[in-house]
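Chains as they are written, first to last, in my numbering: chain L, 31 to 268; chain D, 31 to 268; chain Z, 31 to 268.
Think of the hints as simulated: they come from the structure by calculation, not from any bench. Mixed in with the good hints there might be a few duds.
Treat identical chains as interchangeable: a pair holds within one or across any two.
To be verified - Pairs of lysine-lysine, DSS-like flavour, derived with a Cα cap of 30 Å:
(1) K133 / K224
(2) K124 / K165
(3) K121 / K246
(4) K105 / K210
(5) K246 / K124
(6) K230 / K254
(7) K124 / K236
Fair warning: this is a prediction, and the values are worked out from it, not measured in the lab.
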Amino acid sequence: MRVTLQNAASFSEVIGIVSELVSEIKIKLTMQGLQIAAIDPTNAAMLLYKLPASAFSHYEVDEEEDIGLSLDDFKQVLKRGKQESLSLETKDGKLFVNFGEQKKNFVLSLMDIEGEDRKEPELKFATTLKIESSKLQEAVEDCGIIADSVLLSLGERGFTLNARSSLHSAAIRILSEPYKGEIKSRYSLDYLQKMVKASKLSPEVKVQFSDDYPLKLHYISPEKAELSFILAPRVETD
Amino acid sequence: MRVTLQNAASFSEVIGIVSELVSEIKIKLTMQGLQIAAIDPTNAAMLLYKLPASAFSHYEVDEEEDIGLSLDDFKQVLKRGKQESLSLETKDGKLFVNFGEQKKNFVLSLMDIEGEDRKEPELKFATTLKIESSKLQEAVEDCGIIADSVLLSLGERGFTLNARSSLHSAAIRILSEPYKGEIKSRYSLDYLQKMVKASKLSPEVKVQFSDDYPLKLHYISPEKAELSFILAPRVETD
Amino acid sequence: MRVTLQNAASFSEVIGIVSELVSEIKIKLTMQGLQIAAIDPTNAAMLLYKLPASAFSHYEVDEEEDIGLSLDDFKQVLKRGKQESLSLETKDGKLFVNFGEQKKNFVLSLMDIEGEDRKEPELKFATTLKIESSKLQEAVEDCGIIADSVLLSLGERGFTLNARSSLHSAAIRILSEPYKGEIKSRYSLDYLQKMVKASKLSPEVKVQFSDDYPLKLHYISPEKAELSFILAPRVETD
Chain L
31 MRVTLQNAAS
41 FSEVIGIVSE
51 LVSEIKIKLT
61 MQGLQIAAID
71 PTNAAMLLYK
81 LPASAFSHYE
91 VDEEEDIGLS
101 LDDFKQVLKR
111 GKQESLSLET
121 KDGKLFVNFG
131 EQKKNFVLSL
141 MDIEGEDRKE
151 PELKFATTLK
161 IESSKLQEAV
171 EDCGIIADSV
181 LLSLGERGFT
191 LNARSSLHSA
201 AIRILSEPYK
211 GEIKSRYSLD
221 YLQKMVKASK
231 LSPEVKVQFS
241 DDYPLKLHYI
251 SPEKAELSFI
261 LAPRVETD
Chain D
31 MRVTLQNAAS
41 FSEVIGIVSE
51 LVSEIKIKLT
61 MQGLQIAAID
71 PTNAAMLLYK
81 LPASAFSHYE
91 VDEEEDIGLS
101 LDDFKQVLKR
111 GKQESLSLET
121 KDGKLFVNFG
131 EQKKNFVLSL
141 MDIEGEDRKE
151 PELKFATTLK
161 IESSKLQEAV
171 EDCGIIADSV
181 LLSLGERGFT
191 LNARSSLHSA
201 AIRILSEPYK
211 GEIKSRYSLD
221 YLQKMVKASK
231 LSPEVKVQFS
241 DDYPLKLHYI
251 SPEKAELSFI
261 LAPRVETD
Chain Z
31 MRVTLQNAAS
41 FSEVIGIVSE
51 LVSEIKIKLT
61 MQGLQIAAID
71 PTNAAMLLYK
81 LPASAFSHYE
91 VDEEEDIGLS
101 LDDFKQVLKR
111 GKQESLSLET
121 KDGKLFVNFG
131 EQKKNFVLSL
141 MDIEGEDRKE
151 PELKFATTLK
161 IESSKLQEAV
171 EDCGIIADSV
181 LLSLGERGFT
191 LNARSSLHSA
201 AIRILSEPYK
211 GEIKSRYSLD
221 YLQKMVKASK
231 LSPEVKVQFS
241 DDYPLKLHYI
251 SPEKAELSFI
261 LAPRVETD
């Protein structure tokens, strides 16, 4: 297979974000496009990335192919590309990474990544919010200085993030429209801080959650790349 | 009480500078304005900050109030504000810090800060110089690469900073006008390096000192905030 | 002697680069200009710097003089100068470093640097290439993420840098014109990464090498300063 992106920057960003959750990935190339599905070692967080064939300037995939990679190495190589075009090609158990019309050619050994394919779980959410992605990122960072978990709540006071330590607390309101009813769920800030870095990819994020239920963040970039995160709730045991 | 500043940035800078000298403060709110007086643990340096009621867009203080705070926490919270408006409100032994029309709300536990109120000592200086604050900052940093103390001197050669180690020395002239007579005093560069960071607040600084006598640096910001430092001399014992 | 440069920035850059290879230097001042020759402790790399008398706005050297300096101290002092003019003057075993019309005056103790003068070895190279210095720097950094040595080769495929680890490899082509014959030599990336920082001095670099033979990089700045590096090859023993 051989595929080319006109500009490597955004793909490189995604691989950087993925590398904070897992150390190895399987990139799947199908006729429809490129896909990454990864679950962090503690099983608390899942990441799904889809880049449709139409986002590539050249897309030549004759049969479905899995590319197993160490992310540390791949991330470092992608950083060398900047705004240049990026071609990926597999041959003889290796991945050829070319930047800018073959001037820079990196060859990475492929890895066998064990385990079955990760499928997105079927989830039913009580609500779907559309939010400025930079506002969500800022609010998550605001809460990160107070505690290691955050309570998302949607209710009369709109959509709010609450963090509390033994001494201090923070309440950040992102949406002000009141909501009939009340939905609340707590999540780890450590994971959220890694996930909201995806705000570079898209000005808007779709936020879905329910009471004590997983959270889904869904970013769609202008070139139709989709990056989703699913994060397990942190249920308090009193 | 409840007070509001239109722009949190400069207050946040001051709290950052204070936090390099002490770890806790008592902020005093009177009818006239906000005041901070702090003395570093070794008693070598004192800091005084005054923000008049007129600098606030809203100033509601019914009776004098002391707000005791851990600076590490307060500094981190203020950094989350950037150029937004900042409201401070006390209730039930807590400080409510709101940015930008209540969208971000932090609640900090107040502390009991022991000890009597710090008063500015009455000092008589032999001279008062007005200096570009960035020039003083640069000269202090120049001397910092040579030694850990600096000799300020005013005399025939103008106003000069001198630093000397066993091997090297530095002489930085800030003012060139000759002065009749001679004034000399030595101060710790460690403290000075922290104090001159206040040059962000004001383009000019008033420098006052005498022979082997404390130094006073006095910064007045455009919005009439006053930040002063008093630093004990370092008297050489041969 | 007393010499003055109108702008200290580029000289400060050079001293910064020199300080990564050696910890002490002997700066030689002759009627013709300023010279530095330094060899790193392992004898693998040599640096030569020449700044002609004409590059100085004032050049007063009555007899040849050697100035021995600790580079850590000298580098720190030069950084304090930025875009100002720089005067160097020796007197009584000391070096007087003045910035901006005597306003900043640093005095550094001189050191006795032992050993005979370093002369540039006479080398005959098979080829001389002229390359954009930023391209060489980028290619060296590209290879640095893969391995600790790089194979330079000039042949049918032009001028290429190749790096290889047990798992991955990189091939960066800098010039595309084919060359009749083939020249190959391997060098340490650790040294090259330090040397290519000189690309700040000049948009172009002259690259000279031969089969399993030293490499010479030669930078000439707009003000006719010449900075050359000679690097021993790394010969593989199988």
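Hint by hint, here is what the structure shows:
{"no.": "1", "hint": "K133 / K224", "result": "between (33 Å within a copy, 23 Å between copies)"}
{"no.": "2", "hint": "K124 / K165", "result": "between (41 Å within a copy, 26 Å between copies)"}
{"no.": "3", "hint": "K121 / K246", "result": "neither (36 Å within a copy, 37 Å between copies)"}
{"no.": "4", "hint": "K105 / K210", "result": "neither (45 Å within a copy, 37 Å between copies)"}
{"no.": "5", "hint": "K246 / K124", "result": "neither (34 Å within a copy, 34 Å between copies)"}
{"no.": "6", "hint": "K230 / K254", "result": "within (14 Å within a copy, 39 Å between copies)"}
{"no.": "7", "hint": "K124 / K236", "result": "neither (37 Å within a copy, 35 Å between copies)"}
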